Amino acid sequence: MKEAAFILDHDLAPFVNCIYTDENFDVNGHTNIPLYADGYPGIMFQQTENDFFLLPKNKKLSELFLFGQTLAPVSLDVKGLYKFVVIQLYPFASKYLLGIDPKVLNDDCYDLLQIDYLNVESYRQSLVQANNLDEQVSIISDLMRELIRTHKVSENDNIEKAISIIIQNKGQIKIKDLLDKIYMTERTFERNFMTYIGLTPKQFSKIIQFQSSINKLTQATYNSLLDVGYDSGFSDQSHFIRTFKSYTGLTPSYYLNHLSNR
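With the UniProt record's numbering applied, the sequence shown closes on residue 262, and no number is skipped along the way.
Calculated from the structure, these hints are not laboratory results.
For clarity, every value in this text was computed on a predicted model and none was experimentally measured.
C-beta: ideal position from N, C-alpha, C; glycine also.
There is no bait here: all hints are sound.
Beta-carbon label-pair distances, calculated as ranges: (1) P14 - Y117: 20 to 26 Å; (2) T188 - M1: 34 to 40 Å; (3) I33 - T200: 24 to 30 Å.
Pairs of lysine-lysine, DSSO-like flavour, derived with a Cα cap of 30 Å: (4) K245 - K202; (5) K176 - K206; (6) K216 - K176; (7) K170 - K202.
Based on the provided sequences and hints, a complete structural model is requested.
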């Protein structure tokens with residue numbers, strides 16, 4: 001996937017991390033796109049002559065869907081021609097968009113076309129007819145605004161602040177130190193975090209820590225997997241390998257040698 005340079009409208013900027021696009025012109029191609037845990041849900045609009053499937057569930061995906069947090073190794077699988085755009089959201093955004101417990105979206109996708117309280121089909125038709133990425137992002141942005149207005153979920157600045165701190169520290173911050181910055185009791189923080197994110201703070205921190213390590217794997221400044229693990233905050237190499245394998249199904253060395261340049 002390629003990150004697209006795009007300036008978001010001011011009102012949606014707090015919800016969106018970045019935008020990705022991808023396409024394939026090989027009619028005989030077979031593409032499998034791993035979705036490793038990264039802490040970010042997202043909205044995807046896809047077009048293909050065949051079908052997109054979520055593996056290993058072998059779940060046929062809608063043209064327009066929201067995917068949740070990824071904990072176990074999953075992937076998108078498609079044969080032939082395709083193109084798609086992904087609006088990658090900040091971790092709390094799915095709560096504001098759908099007003100549901102985000103935990104139900106973990107390792108799964110929500111078909112936005114099944115929504116019956118909005119005319120999402122009209123958005124889908126507009127997306128199909130759009131001539132370029134700018135138009136598609138604008139259409140999805142309008143859908144996001146309507147979803148946010150519909151659910152009117154109360155904002156939780158403390159949770160959004162906590163997420164920002166965890167990401168800034170690459171997952172390497174103790175919950176006690178985090179609580180000192182947001183002035184909440186541990187019990188209230190844990191409950192609110194689960195409500196808005198669908199994960200515990202420790203689970204989310206571990207995912208961000210893992211993402212930091214997977215980014216470091218391809219950097220030439222590191223001479224060994226041990227260095228990557230230590231710099232990412234893992235206590236030893238075996239802990240690093242176990243965590244990496246739990247999120248990808250692969251060892252760090254296999255990922256580095258076979259998949260890191262995809």
